[in-house]
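2 protein chains.
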Amino acid sequence: VITATDISRAASRIEDWTVRTPLLPCPRLSESLGVDVALKAENLQHTGSFKPRGVFNALLARRERGATIAGVAAFSAGNHAMAAAYAGRALGLPTVVCMPPHAVVTKIEAVRRLGGEVILTDDLLGTCREVAAQRGYDLLHPFDDPDVIAGQATVGAEIVASGFAPHLILVPVGGGGLISGIAAAVKHARPGTRIVGIEPVTANAMTHALRAGVAGPLPNRPQSMADGLTAPFAGDLAFEYVTSLVESIVEVDEESIRTAWWEMLDQTKLLLEPSAAVGLAALRNGLIEVRPGVRVVFVISGGNTSPAALATLTLP
Amino acid sequence: VITATDISRAASRIEDWTVRTPLLPCPRLSESLGVDVALKAENLQHTGSFKPRGVFNALLARRERGATIAGVAAFSAGNHAMAAAYAGRALGLPTVVCMPPHAVVTKIEAVRRLGGEVILTDDLLGTCREVAAQRGYDLLHPFDDPDVIAGQATVGAEIVASGFAPHLILVPVGGGGLISGIAAAVKHARPGTRIVGIEPVTANAMTHALRAGVAGPLPNRPQSMADGLTAPFAGDLAFEYVTSLVESIVEVDEESIRTAWWEMLDQTKLLLEPSAAVGLAALRNGLIEVRPGVRVVFVISGGNTSPAALATLTLP
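Protein chains in written order, with our numbering: chain A, 1 to 316; chain B, 1 to 316.
Extracted from the complex, chain A is given alone in its bound form:
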């Protein structure tokens, strides 16, 4: 498990490259839920998600350890891809990103606009390894890397430093890197804080891992309107963090996510992606016990959505 020192070093490393995002109070959601809500607004991070934290920390930590990085090879359907391209450009490193053929076109375009090369492939990890080996590039895993987790942990460190002192933190879960980092940072500083993860029932890699007792691939390709959470497997490291530091992982269905998405948009007035609405979906479904008046942080993991996705809000 990463230490408090690892996390404070990560915070120093990425300070000049990332946004210290605000923790915003939300009176409307507080009133409607009967708890004291604060929003960790990672949608305001560079590239519109928390991902640059882990990417910058991993690349800068490797350089500190004496590595010469010739380029970056990453794989992702979306937010990690954009973060890798953004960090590659900022640090002067050529970046290639393996993306699935079904990836959202606007996300592919965003990677290219940031100077990243895109390879479309169904075998994300395999192709990425091959390209990295051929070109001598560094492979950058989206979540199963201790430096990436230490970078995401700065989200938790900032919540701790805010003075809000939450009783409960709700974290969307894909591969598990974000919740691992947040849990590590928060449990070091305030062990009594409850950390709960939420994933779509149709993209439940972590629940699958918890049932099996080990992280492994989902039997079917995960699909969800919360596209940021459709990792095909949970990280091995993340599985360890979740097992030891997280209270529970709960699952929400698509209709609950869609309803919660509009409620979050309307009540927070932040543009957030469906992935960032799963916490509210879980609360509205009564899946997480919450006493009146407690302080709750919603981690707004990202804000990358499209007009076409927003148009689905009008579906009956």
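Incorrect hints may have been included.
Derived list of chain A stretches under chain B, where covered just means 3 residues or more per stretch with a C-beta under 8 Å from a C-beta of chain B [claimed, not checked]:
id: 1; segment: 14–26
id: 2; segment: 268–277
id: 3; segment: 304–313
These are computed hints drawn from the structure, not numbers from a lab.
Backbone N, C-alpha and C fix where the C-beta goes; we use that ideal spot for every residue, glycine too.
Using the hints provided, position chain B relative to the given structure of chain A.
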């Protein structure tokens, strides 16, 4: 013209009732425009717009002057209506709001949810005067009231206090109350700051007033996707403020507003209503001279929109 003392008194009066909204940096918009952008996020204000500032200040100032307020009568198609109902509930005053029959259904429902009584009428001002007289309620004008303007001025005072020191502030214009308040606050403190107002070409009450040399009703009912800016006339007071303190009022067409709306949503990651996108529409159309590197504040006047409105973003 309201004084610096009027504005600081307004700020003290409304402090416990309103949100001191953040002034958020926006790296993406800064990069794409080549200027240093900050967003005054009034979409995060109670009821999702700046309107409660003026409403609370007007009601509390009247009480300070010894008035006994039996109830509040207001007229508005949207944001002022919600603010009046919200403030009425908070201050324990019955509130009736005259709204046009074509008002957005979700806004009518929002007023009712806040405990306001809604009267649908085409003659907003006439009916409101009548109801106020019948019931002995206080009529609360949405913009043509010095206390309302002093309340909106706290937006400007907070921008001044932020230390951002903008060269230019872009303000959406409907009846003119917001730009009047902001101009008064900013010009007192930093006379060199440029204040520019923007209104839809199809809802241009202030341009109409400037051409005529006097505030008067528009010949046709104004219509725009920027529904918050469709005041049928500019305020007499606002006309005076704009004439003396504002650099210019520029007009933008509907297609420019729609394009700028998505760009603002995507780049700011704030949920904002079309009215709050007119500043970017004006910049993109080259209507406002801006030197590279200057500091620009976009006043995000509100964030009240609907799934149906968001679905129009997919139109070709």
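task: Taking the numbered hints from earlier one at a time, note which ones the structure violates and give those numbers from smallest to largest.
output: Violated hints: none at all, because every hint is consistent with the structure.
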